[in-house]
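Mind docking chains B and C on chain A? Use the hints.
One letter stands for each residue in the lines below.
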Amino acid sequence: MSDTDLSPTGHEARWQGLTEALRKVLTSVGVILTTLIGLLVLTFVIGRMVPADPVLAILGDTFDQTAYDRVYQELGLDQPLYAQFFHYVQNILHLDFGQSNVTKSLVVDDLARVFPATVELAVLAICIGTLFGVPLGVISAVRRGTWVDHLARVVGLLGHSTPIFWLGTMVILIFYAMLGWIPGGGRIDLYNDGLVEGPTGMLILDAALAREWEVFRSALHHILAPALLLGYAAMAYLSRMSRSFMLEQLGQEYILTARAKGLAQPAIVWKHAFRNIRVQLLTVITLAFCGLLDGAVLIETVFGWPGLGQYLTAALFYADMNAVLGAVLLIGLISILINLLSDVVYRFVDPRTR
Amino acid sequence: MTMIHKNEGLRAWLLSEDFTSPRQARAHKAYVSWLRFSSNPLAFGGLLVVLLLVLAAVFAPWVATHDPLAQDFALALKPPSAEHWFGTDELGRDVYSRLVYGARTTLYIAILVTVIVGPIGFVIGAAAGYLGGWVDTVLMRVTDIFLAFPSLVLALAFSAALGAGIENAVIAIALTIWPPVARLVRAETLTFRKADFVVAAELQGASTPRILFRYIVPLCAPSVIVRLTLNMASIILTAAGLGFLGLGAQPPMPEWGAMAAQGRQYLLDAWWLTAVPGLAILLVSLAFNLLGDGLRDILDPKHV
Amino acid sequence: MSDAQPLLSVRNLTVAFPSLQHMLPAVRNVSFDLGREKVGIIGESGSGKSTTGRAIMRLHPAKTRITADLMAFQGRDLLTLSEREMRSIRGHRIAMILQDPKYSLNPVMTVGEQIAETAILHERLSRREARLRAMEMLEKVHIRDPERVMGLYPHEVSGGMGQRIMISMMLIAKPALIIADEPTSALDVSVRQQVLTILDELVSGNDMGLLFISHDLNLVRSFCDRVLIMYAGRVVEELRADELDKAQHPYTQGLLEALPSLTEPRDRLAVLRRDPAWAEG
Chain A
12 MSDTDLSPTG HEARWQGLTE ALRKVLTSVG VILTTLIGLL VLTFVIGRMV PADPVLAILG
72 DTFDQTAYDR VYQELGLDQP LYAQFFHYVQ NILHLDFGQS NVTKSLVVDD LARVFPATVE
132 LAVLAICIGT LFGVPLGVIS AVRRGTWVDH LARVVGLLGH STPIFWLGTM VILIFYAMLG
192 WIPGGGRIDL YNDGLVEGPT GMLILDAALA REWEVFRSAL HHILAPALLL GYAAMAYLSR
252 MSRSFMLEQL GQEYILTARA KGLAQPAIVW KHAFRNIRVQ LLTVITLAFC GLLDGAVLIE
312 TVFGWPGLGQ YLTAALFYAD MNAVLGAVLL IGLISILINL LSDVVYRFVD PRTR
Chain B
1378 MTMIHKNEGL RAWLLSEDFT SPRQARAHKA YVSWLRFSSN PLAFGGLLVV LLLVLAAVFA
1438 PWVATHDPLA QDFALALKPP SAEHWFGTDE LGRDVYSRLV YGARTTLYIA ILVTVIVGPI
1498 GFVIGAAAGY LGGWVDTVLM RVTDIFLAFP SLVLALAFSA ALGAGIENAV IAIALTIWPP
1558 VARLVRAETL TFRKADFVVA AELQGASTPR ILFRYIVPLC APSVIVRLTL NMASIILTAA
1618 GLGFLGLGAQ PPMPEWGAMA AQGRQYLLDA WWLTAVPGLA ILLVSLAFNL LGDGLRDILD
1678 PKHV
Chain C
1212 MSDAQPLLSV RNLTVAFPSL QHMLPAVRNV SFDLGREKVG IIGESGSGKS TTGRAIMRLH
1272 PAKTRITADL MAFQGRDLLT LSEREMRSIR GHRIAMILQD PKYSLNPVMT VGEQIAETAI
1332 LHERLSRREA RLRAMEMLEK VHIRDPERVM GLYPHEVSGG MGQRIMISMM LIAKPALIIA
1392 DEPTSALDVS VRQQVLTILD ELVSGNDMGL LFISHDLNLV RSFCDRVLIM YAGRVVEELR
1452 ADELDKAQHP YTQGLLEALP SLTEPRDRLA VLRRDPAWAE G
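Chains as they are written, first to last, in this note's numbering: chain A, 12 to 365; chain B, 1378 to 1681; chain C, 1212 to 1492.
These are computed hints drawn from the structure, not numbers from a lab.
The beta-carbon is built from N, C-alpha and C at its ideal position, and this holds for glycine as well.
Hints may be right or wrong, so weigh each one.
Unchecked claim - No more than 25 Å apart at the CA atoms, straight line, and that leaves these computed lysine to any residue pairs for SDA-like:
(1) Lys-1274/C - Glu-259/A
(2) Lys-282/A - Arg-1338/C
(3) Lys-35/A - Tyr-1364/C
(4) Lys-282/A - Pro-1357/C
(5) Lys-1274/C - Val-1409/B
(6) Lys-35/A - Asp-1513/B
(7) Lys-35/A - Phe-1523/B
(8) Lys-1351/C - Glu-1367/C
(9) Lys-1313/C - Phe-1569/B
(10) Lys-1274/C - Asp-160/A
(11) Lys-282/A - Ala-1273/C
(12) Lys-1571/B - Thr-1585/B
(13) Lys-282/A - Glu-1334/C
(14) Lys-282/A - Arg-1298/C
(15) Lys-1274/C - Val-280/A
(16) Lys-1313/C - Phe-359/A
(17) Lys-1455/B - Phe-186/A
(18) Lys-35/A - Met-1517/B
(19) Lys-115/A - Tyr-83/A
(20) Lys-1313/C - Leu-261/A
(21) Lys-282/A - Leu-1336/C
(22) Lys-1406/B - Met-1234/C
(23) Lys-282/A - Arg-1344/C
(24) Lys-115/A - Gly-1540/B
(25) Lys-1571/B - Lys-1313/C
(26) Lys-1406/B - Pro-1229/C
(27) Lys-1571/B - Tyr-1314/C
(28) Lys-35/A - Val-1519/B
(29) Lys-1274/C - Gly-262/A
(30) Lys-282/A - Leu-1270/C
(31) Lys-115/A - Glu-208/A
(32) Lys-1274/C - Pro-1418/B
(33) Lys-1274/C - Gln-276/A
(34) Lys-1455/B - Met-181/A
(35) Lys-1385/C - Glu-1358/C
(36) Lys-1274/C - Leu-162/A
(37) Lys-35/A - Val-1515/B
What the hints assert, rightly or not - Computed spacing ranges between beta-carbons, pair by pair:
(38) Thr-30/A - Asp-1399/C: 28 to 34 Å
(39) Ile-1602/B - Leu-1235/C: 29 to 35 Å
(40) Pro-1418/B - Arg-222/A: 53 to 59 Å
Pulled out of the complex, with its shape left as it was, chain A reads as follows (with noise of 0.2 Å):
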């Protein structure tokens, strides 16, 4: 039998190999590059398009023309445009977001400090929502046809159809207000407040590092509700793809050799089928996050939980335009990380792709 069946083997193909994965990593860096740049435009984009006159926001009602001229040359906004966004990109770099309108600190001061909020419920909701969506989703995938399926469909559909901030306005109602069984909202409650300052920012896990059972206990009190909803959310979004996915598998040829091998339902399912999935969960794993993002900003705004979503709402109240722009920014920049992140581990994973 010849040896032309084989690949290149040895040096010419490790160099090969190197190439070619130099090649993909730039041409994904150029990707990433570009969307950022993308990005920042939009965002400044968005910020020229403000009806209102940025002079006045700062100088208000009563004012001369000379001070007015001092601030339109301070602002920038006598120079070209293409400079004007040169300018903003510069500023961003340095972490200048501008100041808030409303706090009168510097917004990425404000960002730091929501931030970490945001992470730690977008977190649990999304480790809530895959424990128990893609299970299931495959076990529907499976059963096609039987009580589950029509079970896990009715989830996944009442979660794609429900408005988020309803159900958390309904939550609150029915298990604070007429229940008592959990707390009105924020983050932690009077006589918890401050007493953790964590490395981490995330109240759970620096109480828990700290060993204040008490401050672990009532911030998993508080972030329980919202958690879970936005876990659901993001449950009957996966329990739908990994239904599809999985059903997509059991068709294939490879499945029927699984059979006619001998193997058990079991082994077809979680052995063969399932490795197959994995690498398109991990993608629709990581558009669930940047879409609990979204519902992240209701039901903070809801629970009162004092993330980058309440931020935002808070500032769109005000009209901040600096904070709106800044948060804006912010989660599309996380949106962008959680990607790149995605897509590399895609390439660990995917043996195709190597």
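Chains B and C in isolation, oriented as in the chain A frame:
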């Protein structure tokens, strides 16, 4: 007697699989698709609810019991009764009537956004898929940039920049919904572009617009229709979200999200103020999802 | 002892699939015996040949209706076995080789893992032992450098090699009967003979029975001992491979006439005639 025979004849003609003409084949396909669709109770239910929504919106003045804008402080925050089916809000306005007129707002936004996004998404996606090369790369990069943001956040940003108001909300939502549609059209175009019959048409000298409109568009149409229907649900949810946050339709115009937001202040005393509009949003969103799923089952045979 | 009782006995096998309004029979009243020999099933697309093969292993979905007066393998009635018992037969006593290794091998598992899996499943070998056995199998199918190939993924090997991997995967547990469903149809013509030679070696060397499903009459007549011709779900003729020229049934004759021949060139090839009467048997 003859009537029954005629009906049986028509039905048999529609169901038979020995086609004698292309017209019969198409009629057969349409009829079988309709049977499949209507035998799916969920999809059919979705269709009914959507029709109900449209009817309520169109015939609002007759369906509503009161003037949605009429205030009467003496009647504020009354619970549901025979007089006011869903109670009254903090300004004494009838919730049921506001709900019915709110259907108009919802439908207005949903239809307007779809009408804008459909053609734009199609043009961009088809251009990217068919022309390829740098056109494709540029368009896809632009799409990626928009997709980098979660949709509500982006709509929020645009809405905030453009200012509150229903038209601005429509623009803002449209700007967030077009990327997935463009992506879908591009993917479909790429698949069909390589098909032999398209290549044959090119070789015959067909112009690009002709190929796009006579071949690609009809082939992409089913999945785009499904997508747009399913998108309706998310448009409605996003619009409600914007309304909840004070953007979008401004008072006193009734909008379900805004109604839910206002109701939050009176949650403990008048929970129906938030519960009812939210339920309406849920039902309509659900209906569009079910309808879209049902359409997908009949239009896309590959889908499981 | 084995010559007396055939390996596989099938009498009046009927396989029907549910459609919109009733059950559609894909295979009707098929009967044949198979001993430790190579039997080919020839037919065009839709003749029911693959369906027959899968029905023997009961690989069809649950809604399929499989009925027969007899479907016995080594004396056991396959139709009455539980699913669990069937699983112990599949891959172990009866094995199936599928057509295209591009699709029939799991793309995210290494070759070695997939081959060893059968051995671990049926013979309860340890991972190490199974690995060694897998490498032995790879050598038996004439794959050089089996150690390296074990770590490859299916997309990294050629078609011919993939098919040889499929063969090792299915023969590693030493089955008595192999059903090969178009094993060479997806391969380049130049590679086909190699794979057939290997198959022949293994089948004869281990005294196995082979059911060779194909649409290629020339291939089958030179490779198999006996041939079954199927048309529209029925077996229309059964012959020894070397007696094909003496075929009686007009469909078989039509198939033979439609084959181009180097030794007897003709100006026009005959067009295959199809008589609906043949579908009624």
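Verification of the hints:
For the hint pairing Lys-1274/C with Glu-259/A, the CA-to-CA distance comes to about 19 Å; that is within 25 Å, so the pair holds. For the hint pairing Lys-282/A with Arg-1338/C, the CA-to-CA distance comes to about 16 Å; that is within 25 Å, so the pair holds. As the CA atoms of Lys-35/A and Tyr-1364/C are separated by approximately 21 Å, the hinted pair is consistent with the 25 Å bound. Note on Lys-282/A and Pro-1357/C: the hinted pairing holds, with a Cα-Cα distance of about 24 Å set against a maximum of 25 Å.
Of the pairs offered as hints, the one joining Lys-1274/C and Val-1409/B holds, with about 22 Å between alpha carbons and a cut-off of 25 Å not exceeded. Distance hint between Lys-35/A and Asp-1513/B is fulfilled; the C-alpha atoms sit about 19 Å from each other, no more than 25 Å. For the hint pairing Lys-35/A with Phe-1523/B, the CA-to-CA distance comes to about 23 Å; that is within 25 Å, so the pair holds. Between Lys-1351/C and Glu-1367/C the CA atoms are separated by roughly 20 Å; this keeps the pair inside 25 Å, and the hint holds.
Pair hint Lys-1313/C plus Phe-1569/B holds up; C-alpha atoms about 24 Å apart against a cutoff of 25 Å. Restraint check for Lys-1274/C and Asp-160/A: satisfied, since their Cα atoms lie roughly 18 Å apart, inside the 25 Å limit. For the suggested pair Lys-282/A and Ala-1273/C, the alpha carbons sit about 22 Å apart, so the restraint of at most 25 Å is met. Restraint check: the Cα-Cα separation between Lys-1571/B and Thr-1585/B comes to about 14 Å, which is no more than 25 Å; the hinted pair holds.
Distance check on the hinted pair: Lys-282/A and Glu-1334/C sit about 19 Å apart at the alpha-carbon level, within 25 Å; holds. Restraint check for Lys-282/A and Arg-1298/C: the C-alpha separation of about 17 Å stays at or below 25 Å, so the hint holds. The straight-line distance between the Cα atoms of Lys-1274/C and Val-280/A is roughly 20 Å, inside the 25 Å bound, and the hint therefore holds. Proximity of Lys-1313/C to Phe-359/A is assessed by CA-CA distance (about 22 Å); at most 25 Å being required, the pair is judged to hold.
Restraint check for Lys-1455/B and Phe-186/A: the C-alpha separation of about 24 Å stays at or below 25 Å, so the hint holds. Only pairs whose Cα atoms come within 25 Å are accepted, and Lys-35/A paired with Met-1517/B is accepted, the gap being roughly 18 Å. For the suggested pair Lys-115/A and Tyr-83/A, the alpha carbons sit about 20 Å apart, so the restraint of at most 25 Å is met. Between Lys-1313/C and Leu-261/A, the direct Cα distance comes to roughly 16 Å. Compliance with the 25 Å bound is thereby established for this hinted pair.
The straight-line distance between the Cα atoms of Lys-282/A and Leu-1336/C is roughly 18 Å, inside the 25 Å bound, and the hint therefore holds. A C-alpha spacing of about 21 Å is found between Lys-1406/B and Met-1234/C, which places the hinted pair at or below 25 Å, so the restraint holds. Under the criterion of a C-alpha separation no larger than 25 Å, the hint pairing Lys-282/A with Arg-1344/C is consistent with the structure, at around 21 Å. For the hint pairing Lys-115/A with Gly-1540/B, the CA-to-CA distance comes to about 23 Å; that is within 25 Å, so the pair holds.
Between the alpha carbons of Lys-1571/B and Lys-1313/C the distance comes to roughly 22 Å, so the proposed pair stays at or under 25 Å and holds. A distance of roughly 20 Å separates the Cα atoms of Lys-1406/B and Pro-1229/C; the hinted pair therefore holds under the 25 Å criterion. Distance hint between Lys-1571/B and Tyr-1314/C is fulfilled; the C-alpha atoms sit about 22 Å from each other, no more than 25 Å. Using a Cα cut-off of 25 Å, the hinted pair Lys-35/A and Val-1519/B holds, with the two alpha carbons roughly 20 Å apart.
Between Lys-1274/C and Gly-262/A the alpha-carbon distance is near 16 Å, which keeps this suggested pair within the 25 Å criterion. Note on Lys-282/A and Leu-1270/C: the hinted pairing holds, with a Cα-Cα distance of about 19 Å set against a maximum of 25 Å. Restraint check for Lys-115/A and Glu-208/A: the C-alpha separation of about 23 Å stays at or below 25 Å, so the hint holds. Distance check on the hinted pair: Lys-1274/C and Pro-1418/B sit about 23 Å apart at the alpha-carbon level, within 25 Å; holds.
Between the alpha carbons of Lys-1274/C and Gln-276/A the distance comes to roughly 17 Å, so the proposed pair stays at or under 25 Å and holds. Between Lys-1455/B and Met-181/A the CA atoms are separated by roughly 19 Å; this keeps the pair inside 25 Å, and the hint holds. Annotation: proposed proximity of Lys-1385/C to Glu-1358/C holds, straight-line Cα distance about 21 Å (limit 25 Å). Note on Lys-1274/C and Leu-162/A: the hinted pairing holds, with a Cα-Cα distance of about 23 Å set against a maximum of 25 Å.
The hinted pair formed by Lys-35/A and Val-1515/B meets the criterion: a straight-line CA distance of about 19 Å does not exceed 25 Å. For Thr-30/A paired with Asp-1399/C, a C-beta distance near 30 Å keeps the hint of 28 to 34 Å intact. A beta carbon spacing of about 32 Å between Ile-1602/B and Leu-1235/C agrees with the range 29 to 35 Å that was offered as a hint. Taking 53 to 59 Å as the suggested C-beta distance range, the pair Pro-1418/B and Arg-222/A conforms, at roughly 55 Å.
Checked against the numbered hints above, the structure violates none of them.
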